[in-house]
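Enquirer: Sequence order for the protein chains is R and X.
My numbering applies: residue 1 is where the first sequence begins, and numbers increase by one.
My numbering applies: residue 1001 is where the second sequence begins, and numbers increase by one.
Hints listed in this document are in silico derivations from the structure and should not be mistaken for laboratory results.
Treat the numbers as computed from the prediction; the structure is a model and nothing was measured.
Beta carbons: idealized from backbone N, C-alpha and C, even for Gly.
Hints may contain errors.
[Said to hold, decoys possible] Taking CB as the label site, the calculated pair distances span:
no., chain 1, residue 1, chain 2, residue 2, range
1, R, Leu124, X, Lys1243, 25 to 33 Å
2, X, Lys1009, R, Glu238, 57 to 65 Å
3, X, Lys1009, R, Pro49, 37 to 45 Å
[What the hints assert, rightly or not] Straight-line C-alpha distance at most 30 Å; calculated DSS-like pairs for lysine-lysine:
no., chain 1, residue 1, chain 2, residue 2
4, X, Lys1327, R, Lys12
5, X, Lys1413, X, Lys1330
6, X, Lys1013, R, Lys85
7, X, Lys1020, R, Lys152
8, R, Lys143, X, Lys1243
9, R, Lys69, X, Lys1327
10, R, Lys98, X, Lys1330
11, X, Lys1009, R, Lys140
12, R, Lys98, X, Lys1019
13, R, Lys66, X, Lys1243
14, R, Lys98, R, Lys28
[To be verified] Which chain X residues stay away from chain R? Per the calculated CB distances, all over 12 Å, these:
no., residue
15, Lys1078
16, Thr1083
17, Gly1154
18, Glu1172
19, Thr1384
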Amino acid sequence: MIQINGLTKIYKLNAKKMQELKTKENTKVAVNNVSLEAKPGEIFGLLGPNGAGKTTTLRCVATLLKPTKGDIKVCGFDTKKEGQKVRDSIAFLTNEIKLDPNFSADYMFKFFGHLHGMKDEQILARQEELFGVFGINDFKNKKIEELSTGMKQKSAIAVSLVHDPKVVIFDEPTSGLDIVTARSVTDYLKYLRDQGKTVIVSTHIMSEAEKLSDRIGVIIGGQKVEEGTLSEILEKNEAADLEDAFFKLYSKYNPEK
Amino acid sequence: MSGMSIIIKKELKRVFGDKKLVFSMFILPAIIMIALYGLMGFAMGAMTSDIEEHENKVYIVNADDRLKAAITASEFDKNNDLTYMTESEYRAQEQKLSDEILNGDSQMIVYLDPEFEKKFTSYSAAGDAIPQLIISYNTTENYSSNTYSIFVAGTENKPGVVDAYRTMLLQERVGNLDILNVFDMQQNIIQKEEKAKSQFVAMMLPYMIIIMLFAGAMSAGVDAMAGEKERGTLASMLLSPIKRTSIASGKIIAMMILSGLSAIVYVVSMMIAMPVMSALGGENTPMAGGLGGLSLDLVQGLELGAIMLALVFLFVSIISFLAIRAKDTKAASSLISPVYIVVMVAGMLTMFMSGKDVPIYRYFIPVYGNAVAIKDICNGELLTSNFLASLAGTVLIAIVLTIGIAKSFDDEKVMFNA
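Excised from the complex, chain X in its bound form (with noise of 0.2 Å):
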């Protein structure tokens, strides 16, 4: 066995050799995100069925037949406490009812102009006065600006009551409502399949891959240089007839297993979390697709697995770097919190970013240009001279950093302080 071997095997066993620390870097995080985006899915199916469910208090004011006929056609009395009134009896209490609409008590004033018949019969000709039809509500409220929408545009299977009003107000006016109708309009959508199932999780996905990485390799990477220096454990691997390259790389490819491992397991509890997600909350829950709207074929994935390993390689990299020139855990942590803001906000500018034309060198920044690359493979988009590109400019910086990790195991200041 070589040096590098005996050491990624003795990295390997300390974590597998412990079950708490198995349970807290693998199954704990799992069952966190599972239960997490369930009660997501649970907080927002609540809200949203209690929203639905509410009886809202309305207050509707010079209705005429027509607005009752319409109130009852798009049942909209049926899950709703209306009280209807006339202009005097508003008038005695308008601010008293505004107040309630301020502070939640009641949901929303319907007002009809007084002289609203008066005005819909005599109009004849552009200019003349149209009656009015005034809705006050609350837009800070939920269950206020839920009855405002469902009063004027409906619901998925019922007409909403403006229009419905709107509606019968204009076939009294012009008889055949066809008339209106001067042509028809059809939507003819032309669009890649896989791109158009996989635009969200295309914007998501990088993001995500590198905040999971980045966490994964940041648990296993501190303790493994920092921890062990304050120790003093490291010393005596030093002590040791091997090369430094030879311990520094076993340190290397341990952590890249060990973070590589614990993102699998964050990406197969998404996988189950999303789907959790959506049973409990609804359609409507934020990717409630889960990861399925992608599909890759065999040489994305092999793409999108090396963009993986390459981004692995770096991040345990950079965080075994500064750990090790870190005098302690404690300043090892702060000395990688930065870095973590840095690489969160890289993997974030994908998200909004737009078109397809990203020139060749900006793949070769470390983490952005990886980013990009995995956002392509998710479009089919991604071209074999950007994926190089990405891989390069991320294993380049790498490979330097780890000559530089094997160097400060040589450097008695960093290891001794000396």
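Bound-form chain R, shown alone (with noise of 0.2 Å):
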């Protein structure tokens, strides 16, 4: 379970970030009083476009990121308080943090393992299973630096979620994956959340949030929007499809029209 409370992030911009964003404000507000529930067995998708605020709110919930104003509840832990619980429940998997590439995905899952205070013969059942979906075998003793970008990815996923976590947060999970392995990796949230955990998906492809969110949450510009089920939104925004009501919700909230 996530529960995010009046969510607010503001970033102090330096003078080079000042030039950079062409504004005279030394603050950015990247996350403005943002409240959203994540339940366990369902998948919430998080859609906005680059830059509305997405990644930022994510790397609250798990902990890299402390919020400005507003409080966040991992499985009942407080994110501020107790971090090290929050992180102990959570797999958290963002295109900026990767795995090392001097290390094959083998030797990375079993040091993220014993990271978490697993035993080894815990860890071997796991390393089964998630190397058993995502097909990682085949590789799995190649230094990652040597891996195409699907399978880095997928060894990536495999590796967060080594220690069974209840919560999945996962950003922009198929960026840069081809179709074939953003469906084995799509299927597999749809597996977790069958096993009652929660999963937190960030994405901005309108179809990938279609088929595979329960509930959708749409930021824009910081703030949060929309927030239902598809048909919830759809009906709302009298629109065909999410895309037809992602560009009228855009288009109401968009700061810079």
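Starting from the two chains in their separate frames, assemble the complex, guided by the hints.
Expert: Listed below in structure tokens is the structure:
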């Protein structure tokens, strides 16, 4: 279970960043008063354009960033006060966080298993399952740096799930993957949901969000502008599909317009 | 296994699991050091024997029979090309001969006063004219200055021509030369044997240890912190449910092991390289005795080990702290370079330090205090209180920096540029 209450994240900008963003303000509101709840046994899709605040929100959930305002609870643990317990309950996958290219998927899997306090036999059992699902056994002993983008992503997903966490947070998990690999990832996310896990996935691919998510939250300009099941969102916005609904919301809330 | 030991194991595997990295970190420096010192020894040896064997061109003007006899007695004529000239021959080409010396085409002109004999024999009391011996040579030319020194002072086995000539003339004038010897002087040297043997090592060792430990820590530290941050692999560790201090100390201990090993490789290579250099370059090569002049008892060995350990801890924590605060490896390297210079200077200060009355507070100064303590160990003069002070200052700063590193792992601005 993930409960986000009034999450606001404000970055302080240095002179260089102010110049890059062409602003005179020395702060940037990345996430503005976002509240949402992702429950066990459901996939919550976080939808939004680049720079909308999806990754910042998820990083706050994963304890990598501290909320400026508001609070987040993961499986009942507060991200600010009980970071270690939160990290033990989650799998977090994002493009910017990578496996060490000098090691094999096999070594990384065992390394992170040990960091999660798992015993060797538990790690082996998990490895058998996850390496089988993602077809990693064929390249498990190759160094990460020698793997293709798809192989790297599959390895990263498997490693992130080593400790069988209750909550799975994947930030754009299919980005850069071919259609076959992307399908295996989304299928496994559904499997995790069916196992009773809380799954939260951020994406800017409409079709993916449509097919995968039980509930969807739309973030634009740091604010959550819509939340509901696919049919609720379509009905509310009088749209034929999610892309239609998204563009209606985008033209309504995009601050630059 | 605790989080810290898992991290140490992984960091060590990263290096020892990569043959290329092992080669470049531990084997290549040893090969380079031995080859470099060997080459230096070979070059020095070749230069010395070239100077010794060179046939020097020397003009001798107005030589009398005594000078010729002195030249033969000193065997100065054996390896050198001597041209005897009269006053008029010399005056006819004086400028040309001077230019030859300047250009290195000839090595020396020995000019005897034309009235040498007359002035020598007619001398009877103070104030009388004494004859001149003028030697022209070029101090910027190795062959020329070497010819001069052999002509004047001779070599180990042969007397100098000037000395021999002077003795001949004195004997002629006073008869018994012993009359000029009014007393005998003997030297009685009182010194600590170990200090005498290790004086040069005591001067160089603190500097060498400091430089080697820092260089080892630098190569391991920049990549383990800034490199991992840049590649996004450090963040994956920050997502695991272990304490930030466990990650920081795991990484620091692994780096201490690596840089300690690399320092040992350097010291061992130097112990091999020095004799190689002296074998190729002869006994006069600097540090020809290697580190052999230094002998330590068990306590001194342990003290040296403890100081080296404290220094590695300090260097690794300084480098890691700067590397983690830097945006990327490039920025980390440019932040660390000035620190390297400061550390080098601190190590060098002890080289030119004399006297042993260093106040205890100075031992607390990291790097400098350690360098003084290492020097004291070599001289057999380190007091326990000074030893403890030098450890305390260094370890304290290193602990503060380690806490700073752990805090940096929690600092989103540092870790994610947020």
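Enquirer: Would you mind confirming whether the straight-line C-alpha gap from Lys1020 of chain X to Lys152 of chain R stays at or under 30 Å?
Expert: Since the Cα atoms of Lys1020 of chain X and Lys152 of chain R sit roughly 23 Å apart, the hinted pair holds (cutoff 30 Å).
Enquirer: Does the structure keep Lys98 of chain R and Lys1330 of chain X at a Cα separation of 30 Å or less?
Expert: holds, 20 Å
Enquirer: Going straight from one Cα to the other, do Lys66 of chain R and Lys1243 of chain X come out at no more than 30 Å?
Expert: Holds: Lys66 of chain R and Lys1243 of chain X sit about 17 Å apart, inside 30 Å.
Enquirer: Decide, holds or violated, for the assertion that all CB atoms of chain R are farther than 12 Å from the CB of Lys1078 of chain X.
Expert: Given that every Cβ of chain R is farther than 12 Å from that of Lys1078 of chain X, nearest at about 66 Å, it holds.
Enquirer: Quick check on a hinted range of 57 to 65 Å for Lys1009 of chain X and Glu238 of chain R, using CB atoms only.
Expert: Since the Cβ atoms of Lys1009 of chain X and Glu238 of chain R sit about 59 Å apart, the hinted range of 57 to 65 Å holds.
Enquirer: Is Lys1009 of chain X within 30 Å of Lys140 of chain R, Cα to Cα?
Expert: Within the cut-off at roughly 20 Å; holds.
Enquirer: Would you mind confirming whether the straight-line C-alpha gap from Lys1013 of chain X to Lys85 of chain R stays at or under 30 Å?
Expert: OK: Lys1013 of chain X and Lys85 of chain R at ~28 Å, within 30 Å.
Enquirer: Say whether it holds or is violated: Glu1172 of chain X keeps its Cβ farther than 12 Å from all Cβ of chain R.
Expert: holds, 85 Å
Enquirer: Within 30 Å, alpha carbon to alpha carbon, are Lys69 of chain R and Lys1327 of chain X?
Expert: holds, 27 Å
Enquirer: Next pair to validate is Lys143 of chain R with Lys1243 of chain X; report whether the Cα-Cα distance is within 30 Å.
Expert: Distance ~27 Å between Lys143 of chain R and Lys1243 of chain X Cα, so the pair holds.
Enquirer: Confirm or reject the claim that Leu124 of chain R and Lys1243 of chain X have a C-beta distance inside 25 to 33 Å.
Expert: Because 26 Å falls inside the window, the suggested range holds.
Enquirer: A range of 37 to 45 Å was offered for this pair. Does it hold for the Cβ distance of Lys1009 of chain X and Pro49 of chain R?
Expert: holds, 43 Å
Every hint from the earlier list agrees with this structure, and none is contradicted.
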